[in-house]
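Chains as they are written, first to last, in my numbering: chain A, 5 to 241; chain B, 192 to 429; chain C, -16 to 212; chain D, 51 to 315; chain E, 51 to 315.
Be a bit skeptical, because a hint or two may be false.
Said to hold, decoys possible - What follows is a set of in silico ranges between Cβ atoms, one per label pair, in the way DEER data are often shown:
#: 1; chain 1: E; residue 1: P148; chain 2: D; residue 2: G271; range: 52 to 60 Å
#: 2; chain 1: E; residue 1: R180; chain 2: A; residue 2: Q239; range: 39 to 47 Å
#: 3; chain 1: A; residue 1: P43; chain 2: B; residue 2: L245; range: 46 to 54 Å
#: 4; chain 1: D; residue 1: E285; chain 2: A; residue 2: V62; range: 55 to 63 Å
#: 5; chain 1: E; residue 1: L204; chain 2: D; residue 2: E285; range: 45 to 53 Å
#: 6; chain 1: E; residue 1: D126; chain 2: D; residue 2: Q312; range: 50 to 58 Å
#: 7; chain 1: D; residue 1: R274; chain 2: B; residue 2: R422; range: 42 to 50 Å
#: 8; chain 1: D; residue 1: A308; chain 2: A; residue 2: R236; range: 31 to 39 Å
To be verified - Below, simulated DSSO-like cross-link-like pairs (lysine-lysine); rule was C-alpha separation at most 27 Å, straight line:
#: 9; chain 1: D; residue 1: K247; chain 2: A; residue 2: K132
#: 10; chain 1: D; residue 1: K247; chain 2: E; residue 2: K247
#: 11; chain 1: C; residue 1: K177; chain 2: B; residue 2: K224
#: 12; chain 1: C; residue 1: K3; chain 2: C; residue 2: K19
The set of hints was computed from the structure by calculation and includes no laboratory data.
Each residue gets a CB set at the ideal place from its N, CA and C atoms; glycine is no exception.
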Amino acid sequence: MLDLLQLLSWGESGWGDALLAGALVTILLALCCVPFGFPLGLLVALGSQSRRAAARLVATVFSTVFRGLPELLTLFLVYYGSQIAAERLMRHFGYEGGIVINAFAAGVIAFSLVLAAFSSEVWLSAFKAIPAGQAEAARALGLSRWTTLWRVTFPQLMRVALPGLSNNWLTLLKDTSLVSTISLADIMRQTSQAVTATREPILFYGAACVLYLILSAVSGLLFSRAEGFFSRPLQKA
Amino acid sequence: MDPVMSLLSSFLSPSLLESYGLRMLAGFWITVKLVSLSFILGWLLGWLLVLGRLSGHRLIRGLSRGYLYFFRGSPLLAQLFLLYYGMSAFRGFWQSVDLWWFFRDPWWCALLAFSLNTAAYQAEIFRGSLLALPEGQREACRALSLGPVQSFLRVILPQSMRIAIGPLGNEMILLVKASAIASLVTVYDVMGVTKLAYSRTFDFEIYLWAAALYLLIVEILRRTLRIMEGRLSRHLGR
Amino acid sequence: ETLRVGLEAAYPPFSAPSAKGGYVGFDIDIANALCKQMQVECEFIAQDWDGIIPALMARKFDAIISSMAVTKERAEQVDFTGHYYRTSMSVAVPRDADFKGLEAENFKGKVVGAQSSSTPGMYAEDVYGKAGAEVRLYPTADEAGSDLVSGRLDALVHDKYPLIEWMRKRSHDCCRLLGDLPGTMDDIAIAVRKGDDALRTRLNEAILAIRADGSYQRISQRYFGLDIY
Amino acid sequence: MNAPLQPRYLQHGLADAGPDAAPVVIDIQGLNKWYGDYHALRDIDLCVRQGDRIVLCGPSGSGKSSLIRCINRLEDAQHGRIDVLGVDIRGAASKTAPVLRDVGMVFQHFNLFPHLTVMDNCILAPMSVRGLRRPEAQERACHFLDKVGMRAHLHKYPAQLSGGQQQRVAIARALCMEPKIILFDEPTAALDPEMVKEVLDVMVRLADSGVTMLCVTHEMGFARQVAGRVLFLDEGCIVEDNDPVSFFTRPRSERAQAFLQQILA
Amino acid sequence: MNAPLQPRYLQHGLADAGPDAAPVVIDIQGLNKWYGDYHALRDIDLCVRQGDRIVLCGPSGSGKSSLIRCINRLEDAQHGRIDVLGVDIRGAASKTAPVLRDVGMVFQHFNLFPHLTVMDNCILAPMSVRGLRRPEAQERACHFLDKVGMRAHLHKYPAQLSGGQQQRVAIARALCMEPKIILFDEPTAALDPEMVKEVLDVMVRLADSGVTMLCVTHEMGFARQVAGRVLFLDEGCIVEDNDPVSFFTRPRSERAQAFLQQILA
Ligand SMILES: Nc1ncnc2c1ncn2[C@@H]1O[C@H](COP(=O)(O)OP(=O)(O)OP(=O)(O)O)[C@@H](O)[C@H]1O
Ligand SMILES: Nc1ncnc2c1ncn2[C@@H]1O[C@H](COP(=O)(O)OP(=O)(O)OP(=O)(O)O)[C@@H](O)[C@H]1O
Ligand SMILES: [Mg+2]
Ligand SMILES: [Mg+2]
C-alpha cells in the first residue's frame, strides 16, 4: 500500500509531478480551444440557417467533415500536413532543412475545428427551441441582426445549449489525449508511461480517472453556475 | 461495379483492398452493431437518468447526478479498461454468480461500457431539450390529467426529440469513432482494423480509406437525422 | 552533434520510461553505446508505436531504435541497418493447460492472444488464426498477459525475451512457456529515413564496433544473461 | 353529498340556499399564496356548488389566474385548505389524481400541443385518461369542435391557426374531457364578438347540464349574461361576492364601484 | 409629401379628403397572401394617412393578424404592393430597414423577451436602434410604463407577470420606440375594462400627436371611441371600410350587419 502511494508521490521515485504536468497540458490545450471552437461553432450554426445556399453548403461540409473525420486524422492533417506543406514551401524558396510546427498550436487548431463542428449541432438545436415570436418581436422593434443575435437570441440560446456544450467540452477534454501521438505529454501519455514503467495499470489508470474527474467536477460546477445564470429570469418568483 | 472499382484502384492500391478489404468490412459491421445497440440501450437508460436527475427524491437525484458525473467525467477508455480488466480480478465471484460468461467475453464488456457511457451523455442532451420545453406544455398535461407516462410519450418526448436530435447525432458520431476504443479489449472495429493494417503496411492510404468510410457513415447519419427532424417539425410547417 | 532517437518506450525490458524521467532498457543502452561510438549526443524522443514511422519520415527524429523487426512492408517505408539483435517468438500457456505442442492444429478452437501491430500478432493471425484459433489482439502484451492470467486466453504468443521477463516478474506461478516457435527468428534493426545512407552506414559501423569492443556483450549479459545478437 | 359540509354551506349564507341545495364541489378556506415575497392571494374563502356559474373579475394582476390555478393544483398555495369534490387536493397525488381528472382548464395562453393536430389535441386526453376508443373520442371531439366552429380545421396544427381559432380549440379540448368542474382563464379574450356569443351559448348549455364553471373574464357583458355569481378580486382578496344583477347595479364594495364606473362611463 | 401619391389619394375618394390632407403613410395595392393552399388575404387595397386611427375588426380567422403582419413584413405576401412611408417594403432589407424601424407592433401573444426585465425589454430597442443613452432610454421607458400602470414592476421578469401585465409591458415596449406607425394586434385582449380605458387614453393621446395607428380589436366599445375609420374583414377581404358612426349605425355590407347584430343582441 505504502509503495503504491509512493508511486504517486512527487520527486525521484514518484509519478505525481509527471501526472500533474500532464494534467496541465491537457487543461491548457482544452481551454485554448474554447475561445475558438465555440464561437466558430455558433458561426457554423448561423451559416447553416443562412438564406444563402453557399453559406449553407460550407457549413454543412464543415460540420460533416470535422465531425466525420477521426480526430486523430484531423490532428495528423493539421500537424504533419502543415509541416510537410511548410517544408515544401520553404524548399521552393531554397531553404533546406526541417521545420517544426509547434505541436501545441497544431493541437489547438485541430481540436478547435472538431469542437466547432460538434458544437455547431448543439447551437443549431438550441436555435430551434426559441419561439419564432422572439425573432418577430426583434424585427418589429427594428433591432439589427447583430443586436437580435447578441441581446435576444443568445441569452435564451445558452440555457438550452449549455448541457450539450458541456458534453462537447468534456469530450474535448478527453479527446485531447490524442496529442500524445504528436509527442505532447498529456495526462494519458504520462499515465501510460507510468504504467509501462511500473506495471501498475489499475493504480495509474485510476489516478488518471481521478484527475479527469476532478477536471470535470470543476467544469461541471462552472457549467451549472452558468446554467443558473441564464435560467434565472425564467424561474417563477 | 467494375468501373467504380477501377476508378478507386487508380488512386487506391488494390493490393491493400485485397488483403484488408474483408477485414475492414468485418470491422465496419462490428462498428455498426456496437454503436446501434449501445446507442439504443443508452437512449433508454439516458431517459431514466434524466428523470432521476429531475426527480423530487433527493437520493435518486444524487445518485443520477453521481452517475452522470462519473461517466461523463472520466474517459471511456478508462471505463472500459476498469470494466474489462477490473472485473476479471473478481473472476471467482462472477463464476459463483454465473455471470463470468458475460464478463469473460470482450464483446459484452464493450457493449456494456459503451451503453453506460453514452447513457450519461444522452441524459444531458435530453435535459437540455427538456429545458427548451415551455412550462405551459407540462401544465396543460397536468390540467388534462394525463398520466406521467402518457405526458412523457405523447407530449414531452416528441417535442424534446426535435430539439435533441442534433446533439444526439453528435453523440452517435462520437460513438462511431469511439468504437475504436473497443479494440483495446480486442473487439476490432473499422478503426481498429485500419490501425492494424497500417501497422503492417505503413501505408497512410489505409487511413484515407477509413476516413472515407467514416465520412460516409456521418453523411448517411446526417441525412437520416434531417429526415427524422423534418418529420418531428411537421407541425411548424408554415 | 546530436542523434535524435525515436522509441516507443513501452516494451520492457528493451525500453521503458523511468520514474526519474528519461528511459531505461536494452535499446537505450545500445543506443547510448552507439552514440558514444559515433561521438554524438543521444536525444531520446518517445513516440506511440502507431505513429513512429510517420514521425521518422516527418523528421521528428533521425533513427528508430525501438526493437523494430525488419519486415518487408516496413522496409518499403524506411531503410534498416543490419540487425542489432535477433529474437524468436514463444508461446506461454496457463500452467495446467494441456497442449500437445506448438503445431497449429493444437490451437484449433482455442483463444490465442498477442500484441497487435507486432510480429507475434501477425504470426498468431497467419498461423493459428488460419488453423481455426480465435486470435485476439491487444494494444500491449501486458493486457494480453493479464487476460492469460484471468483465463480469457488459452495461449499467448509474444517475443521470447519480453515474455520471459514478464513471467519472471509477474506470474511465473500461473503460466509456463510452451516453447520457441520454429522459423520465427526476426532481425531487429535500426530504422532510418529512406535515402539517409550516411547515417545508416555510420550506424552499421557503430554496431560492428560495439560488438568488436565487447560493450554490446556486456549490456546483453546484464539484461538477459546471454548474448542475443 | 357530504354531511359535515352542510353547516359550512349555511354559514356561508347565500340567500337562496336551502337544505336541498346542490352539493358543494369546491371549498376553499383561508387560502394564502405568495410568489417569493409577493402576497398574491390573501385569506381566500370560497364555496362553490355543483352547477354554479361563477365569474371572476377584477383588475389586471389581482390574482384571478393564481386562484384558479391553485384550484387545479398548478400552483401550490402556502396556506389554507382547498377541497375539490370532497378531497383535499393538497394531499398525496394518488388521492388527488382521480379528482383532478374531473377538473378541466382552459388557459389564458391556450397551451395547445404544437406537435399535434387539432383533432389529436382533442382526443389525446379522452383516450388515455378516460380510456375512450379512437372512434368514440373522435366523435366527441368533432361534436365539441363543431360547437366552437372549428370543425373545418381538424387536421391543422396549432401554428397554422389564428389566435381566436387556437383559443376555440383550447376550449374544445377541455370540453372533450367532460369534466365536472371547468376553469376558464379568459376564454374569450382572443375571440371576436360573434364567436364570443357562440362560446357563451356552449357554456350556458354546459352549465345547464350540471357542469360547474369558474370563469375569469374581462367581458362584463359575458359576466352579466352567463354568471350565476360574480366574484370581484382586488390585490389578492375577494372584495365582493354577489349575484350579477346586484353586482352590476349596486355593488357593495367601493373598489368594485370604481371599477364598474370606468366601464360604464 | 410625395407628389405621385396625390392622384391615388383622390381616387381613393374619402369624403373629407382635400389637397391639404395628411400625407399617405401606408399604401397597399392588390395584396394577396396564401398559406400553402389557403388564400388568407384577397386583393386588399388600403390607403392610410398620417394620424389615422384605424380599427380592424372581423370574425376570428378572417385575416386581420395576417394583414398587419404583412405591413410589418413579418409575413411575405405573394402578390401586390405595400408601400410604407413611401418605400416598397418588399424590396431589399437595406432600404426597408430604416422604414420598418418607424413601424411599431404589439403582438397578440406579446412576445416579450423572457430573459430581460420589464425595464430592459423597454430600453433595448431605443438604445440599440435609436442610439439613446441609458438614462434617456430609462426615463422614456418609465414614462410609458407609468402610463400603462406598470411602473411598479420595472424589475420583474415576464414570467413573473400576469397576462394583463405582460400585455401592458408589450404596449409600453412598442411605444418606447416612438414609432410613426404603430400596429396593435388585440392590445387589450388580456386587460380588464379599467385598464382598457387607460390604454385607450394612451392611444388617443398618441393619435393626437400624429402617430398613425392600426389596431386589430374585438372590443367594439373601443372601436367606437378611438377609431377614425373602421375596416371590417371577412375571409381575407375588406368587406367594409367606413367611419365608425356609420359602421355601427348603418353598416353597408350584409356581413357586417350580421356581425354587429350578434353583438348588439
Ligand atoms: N401558418 C399558417 N398556415 C396555414 N394557415 C394559416 C397560417 N396562419 C394563419 N392561417 C389561417 O389564415 C387565416 C387568417 O389568420 P389570421 O391569424 O390572420 O386571423 P385573424 O383575423 O387574426 O383571427 P383572430 O381574430 O382569431 O386572431 C386563418 O383561417 C388561419 O387558419
Ligand atoms: N411567478 C410569479 N412571480 C412573482 N409574481 C408573480 C408571479 N406570477 C404572478 N405574479 C404576480 O401575482 C399577481 C397576480 O397574478 P395573476 O396572474 O393571478 O393575475 P390576474 O388576476 O390573472 O391578472 P390578469 O388579468 O392580468 O391575467 C400579479 O401582480 C403578478 O405580478
Ligand atoms: Mg391572468
Ligand atoms: Mg389574430
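What are the numbers of the hints that this structure violates, sorted from low to high? The structure breaks hints 1, 2, 3, 5, 6, 9, 11; every other hint is satisfied.
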